[in-house]
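2 protein chains.
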Amino acid sequence: MPVNLTEPTDIAPVAGVQLQTIASGMRYRDRDDLLLMHFCEGTVSSALFTQNKFCAAPVLVAKEHLKQASARALLINAGNANAGTGQQGLDNCNSSCQSLSQVLDCDPQAVLPFSTGVIGEQMEMQALSSGITSFGDAAYNSSWVDAAKAIMTTDTVAKASSRTLIIDGQFVTVSGIAKGSGMICPNMATMLAFVATDAVVSQTVLDDCLKRATDASFNRITVDGDTSTNDAVVLSATGKAGHALLYDSSSDDAKAFYVAVHDVLLDLAQAIIRDGEGATKFVTVEVKGGKLQSDCEEIAYSIAHSPLVKTAMNASDPNWGRLLMAIGKAPTKYFDIDVLNLAINGLALIERGQPHPDYSEEQGQREFQKEEITISVDLNLGGESYTVWTSDLSHEYVRINADYRS
Amino acid sequence: MPVNLTEPTDIAPVAGVQLQTIASGMRYRDRDDLLLMHFCEGTVSSALFTQNKFCAAPVLVAKEHLKQASARALLINAGNANAGTGQQGLDNCNSSCQSLSQVLDCDPQAVLPFSTGVIGEQMEMQALSSGITSFGDAAYNSSWVDAAKAIMTTDTVAKASSRTLIIDGQFVTVSGIAKGSGMICPNMATMLAFVATDAVVSQTVLDDCLKRATDASFNRITVDGDTSTNDAVVLSATGKAGHALLYDSSSDDAKAFYVAVHDVLLDLAQAIIRDGEGATKFVTVEVKGGKLQSDCEEIAYSIAHSPLVKTAMNASDPNWGRLLMAIGKAPTKYFDIDVLNLAINGLALIERGQPHPDYSEEQGQREFQKEEITISVDLNLGGESYTVWTSDLSHEYVRINADYRS
Numbered sequence: 335m336p337v338n339l340t341e342p343t344d345i346a347p348v349a350g351v352q353l354q355t356i357a358s359g360m361r362y363r364d365r366d367d368l369l370l371m372h373f374c375e376g377t378v379s380s381a382l383f384t385q386n387k388f389c390a391a392p393v394l395v396a397k398e399h400l401k402q403a404s405a406r407a408l409l410i411n412a413g414n415a416n417a418g419t420g421q422q423g424l425d426n427c428n429s430s431c432q433s434l435s436q437v438l439d440c441d442p443q444a445v446l447p448f449s450t451g452v453i454g455e456q457m458e459m460q461a462l463s464s465g466i467t468s469f470g471d472a473a474y475n476s477s478w479v480d481a482a483k484a485i486m487t488t489d490t491v492a493k494a495s496s497r498t499l500i501i502d503g504q505f506v507t508v509s510g511i512a513k514g515s516g517m518i519c520p521n522m523a524t525m526l527a528f529v530a531t532d533a534v535v536s537q538t539v540l541d542d543c544l545k546r547a548t549d550a551s552f553n554r555i556t557v558d559g560d561t562s563t564n565d566a567v568v569l570s571a572t573g574k575a576g577h578a579l580l581y582d583s584s585s586d587d588a589k590a591f592y593v594a595v596h597d598v599l600l601d602l603a604q605a606i607i608r609d610g611e612g613a614t615k616f617v618t619v620e621v622k623g624g625k626l627q628s629d630c631e632e633i634a635y636s637i638a639h640s641p642l643v644k645t646a647m648n649a650s651d652p653n654w655g656r657l658l659m660a661i662g663k664a665p666t667k668y669f670d671i672d673v674l675n676l677a678i679n680g681l682a683l684i685e686r687g688q689p690h691p692d693y694s695e696e697q698g699q700r701e702f703q704k705e706e707i708t709i710s711v712d713l714n715l716g717g718e719s720y721t722v723w724t725s726d727l728s729h730e731y732v733r734i735n736a737d738y739r740s
Numbered sequence: 335m336p337v338n339l340t341e342p343t344d345i346a347p348v349a350g351v352q353l354q355t356i357a358s359g360m361r362y363r364d365r366d367d368l369l370l371m372h373f374c375e376g377t378v379s380s381a382l383f384t385q386n387k388f389c390a391a392p393v394l395v396a397k398e399h400l401k402q403a404s405a406r407a408l409l410i411n412a413g414n415a416n417a418g419t420g421q422q423g424l425d426n427c428n429s430s431c432q433s434l435s436q437v438l439d440c441d442p443q444a445v446l447p448f449s450t451g452v453i454g455e456q457m458e459m460q461a462l463s464s465g466i467t468s469f470g471d472a473a474y475n476s477s478w479v480d481a482a483k484a485i486m487t488t489d490t491v492a493k494a495s496s497r498t499l500i501i502d503g504q505f506v507t508v509s510g511i512a513k514g515s516g517m518i519c520p521n522m523a524t525m526l527a528f529v530a531t532d533a534v535v536s537q538t539v540l541d542d543c544l545k546r547a548t549d550a551s552f553n554r555i556t557v558d559g560d561t562s563t564n565d566a567v568v569l570s571a572t573g574k575a576g577h578a579l580l581y582d583s584s585s586d587d588a589k590a591f592y593v594a595v596h597d598v599l600l601d602l603a604q605a606i607i608r609d610g611e612g613a614t615k616f617v618t619v620e621v622k623g624g625k626l627q628s629d630c631e632e633i634a635y636s637i638a639h640s641p642l643v644k645t646a647m648n649a650s651d652p653n654w655g656r657l658l659m660a661i662g663k664a665p666t667k668y669f670d671i672d673v674l675n676l677a678i679n680g681l682a683l684i685e686r687g688q689p690h691p692d693y694s695e696e697q698g699q700r701e702f703q704k705e706e707i708t709i710s711v712d713l714n715l716g717g718e719s720y721t722v723w724t725s726d727l728s729h730e731y732v733r734i735n736a737d738y739r740s
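These protein sequence lines are chains P and B, in that order. Per my numbering, the first sequence runs over residues 335 to 740. Per my numbering, the second sequence runs over residues 335 to 740.
Looking at chain P on its own, in the form it has when it is part of the complex:
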């Protein structure tokens, strides 16, 4: 059961973007599992990929294609990651781009492929090919929510988000979808996310915008500390909104555009945590007062990755000793126990390194029982801070991941 997350509604279409989903039958039955996102000519795209050294075939191909041409189409399949598949996996991936390029009458390099699902199995090429061919008859009648549904694997709720803003007197839309609920860890990329806008944006501004917004959203969420071989986030701008080109990141319009992109990415990132495998809590870990931002980051992830903290959260057990453990084991540079404060949902647990005299187990229990939990650490040493979002560790997480392939 996702934590305070429901099916998205009101996802605005983006001028210049056409969507079509189909059921290829490759792995799933009775659902769409193949998505085509088709962009108009002149679309500018930016993308960030997993830092895992075992990149899946589609990641290798998409990176290469991005260097060679402007993307006209994203081809995304759910159910098979085409990772750990060696040369055959690469050949299969290239051949599916080739097929789609014939259908759409564009360069094969203008097709970016993305896959998510099981690692280590070859794609069922017959099903994939006939799926791709059927896009030739596509009426482009799929919605963004349909698109979000077609890329789900262990997700239980489709993830999409949308913002509109006015630039230069013109309405601009930013809409996006994402999938992912396990193998989620920071450092790009930890899921698939596809965001499009009709804004008129230069490549430089788009790259800068995506990089910064990803650092502040997808790179700050963790379910299990594991980084997938496949993940990617793509931001494409069709330029259909008709305002003056955004070419300077420091302009007011570019800043407003950044905020809209950031908000969509943060919505999607938090949705991934809320739908985290087996999640029953949505946990915000905020660390402030650091002398170095990296110290705050180390502590935030030490807490967010600790299985002992995450099982205590799951049990609604105010076992704050485990929080101290996780804070203390982080490899921080500047740290002083005697000035540290620790609170949960604003309830003080530790003040200047000592147990807070007014704290009672009963109060603690009340806060730990909530579905939305904010753990606040104040190092009281400086002005730096860092926030990450995570979920708890439940029986359900083990069940999902022990059973995923069977």
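Keep in mind that the hints were calculated from the coordinates and are not lab data. You may find that some hints are simply not true.
As the list makes no split between identical chains, a pair holds if one copy fits it or if it spans any two.
The calculated DSS-like cross-link candidates involving lysine-lysine, where the alpha carbons are at most 27 angstroms apart (straight line), are [said to hold, decoys possible]:
| no. | residue 1 | residue 2 |
| --- | --- | --- |
| 1 | K387 | K622 |
| 2 | K387 | K625 |
| 3 | K401 | K667 |
| 4 | K667 | K397 |
| 5 | K387 | K545 |
Once you have looked at the hints, place chain B on chain P.
Quick look at chain B alone, frame taken from chain P:
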């Protein structure tokens, strides 16, 4: 259910060491939970402690005492960690050392205190004090196995090991006990271990011996990547064996002594993994062929810490894609996918970066189903290697850690 681990037998007594356990009633009912390990005069001790910055009160006190006096007694309680207890916790700890020193007629600084159990609760001092007082009537009739039992918390099997060797024509014994099954991560210290020997050893040789043996044993095991606030390993040499003093680590006798200590520590370390919280598998992760040892270590821990790998192990699922994921996300310096080999229990999965042509899911299933699993990674880049030991991640782990305090 521990993995291929049974109650220890044949733990040889150590001349110069007297053991007594009692039931203080502090937390547990109907079992001993307080251990006194009493050393003869002239005993030399070496100790290593947790690197967690939130040291428990007994860790702070024991470190201080070690600087001031030769240890004559170890006082160990199970059930309450006396961590996160602020100034009162320190006062309680000092007062219990004081009480025991009166009973034993030694300096308070000659008492080293150790605690394990729940964090964040004050010790029940009345029960502890009366327990300590009752040591005054002690007959010292407890065995090493009794001692191992008295320090258990979530352990399901007592952990003890023993070796004998001959130095200089004299029989020498090394015996030790340990506790720990969760909050286990490398970098000293990840559990409590108390090892004693009647060897005649200089402080320098003893320190060197403990450091090296710990690096090769306790610092290479991980259950959940979490490092406790309390943990410690102590090696004490009573000198009762009567051989010539070992004062040079490079002498043959010192080397033989090191091997015995190393073997006892490795037995205890592996016993902790075999009894890991909810463990159903004993997993050895060996990485070789690295250009840097640190690269091998990063990959070994990336695999051993990955919840996705650990749940796949639990399910006996030959989902080796998750192994690739864990290898690829490690922050290695030298790494080349195209020469990498991967095998499980000797069965080749990946050869020079490609799926092995002869591999079948059926063969994989057979190996992943075993209780003892060795994951072998060969980087094929150099001569360095690193091995760690870990367990799988099960429903039981979540149950134990979600319920521990209730």
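Going through the hints against the structure:
1. When the C-alpha separation of K387 and K622 is checked against a cutoff of 27 angstroms, the pair qualifies only between copies, where the shortest distance is 18 angstroms, while the shortest distance within a copy is 32 angstroms.
2. In this assembly of identical chains, K387 and K625 lie within 27 angstroms of each other by CA distance solely across copies; the values are 17 angstroms between and 32 angstroms within a copy.
3. Taking CA atoms no more than 27 angstroms apart as the test, K401 paired with K667 passes between copies only; the shortest distance there is 26 angstroms, against 40 angstroms inside one copy.
4. Within a single copy, K667 and K397 get their C-alpha atoms only as close as 36 angstroms, which misses the 27 angstroms cut-off; across copies the closest is 22 angstroms, which meets it.
5. For a Cα distance limit of 27 angstroms, the shortest separation of K387 from K545 inside one copy, 20 angstroms, qualifies, whereas the shortest one across copies, 34 angstroms, does not.
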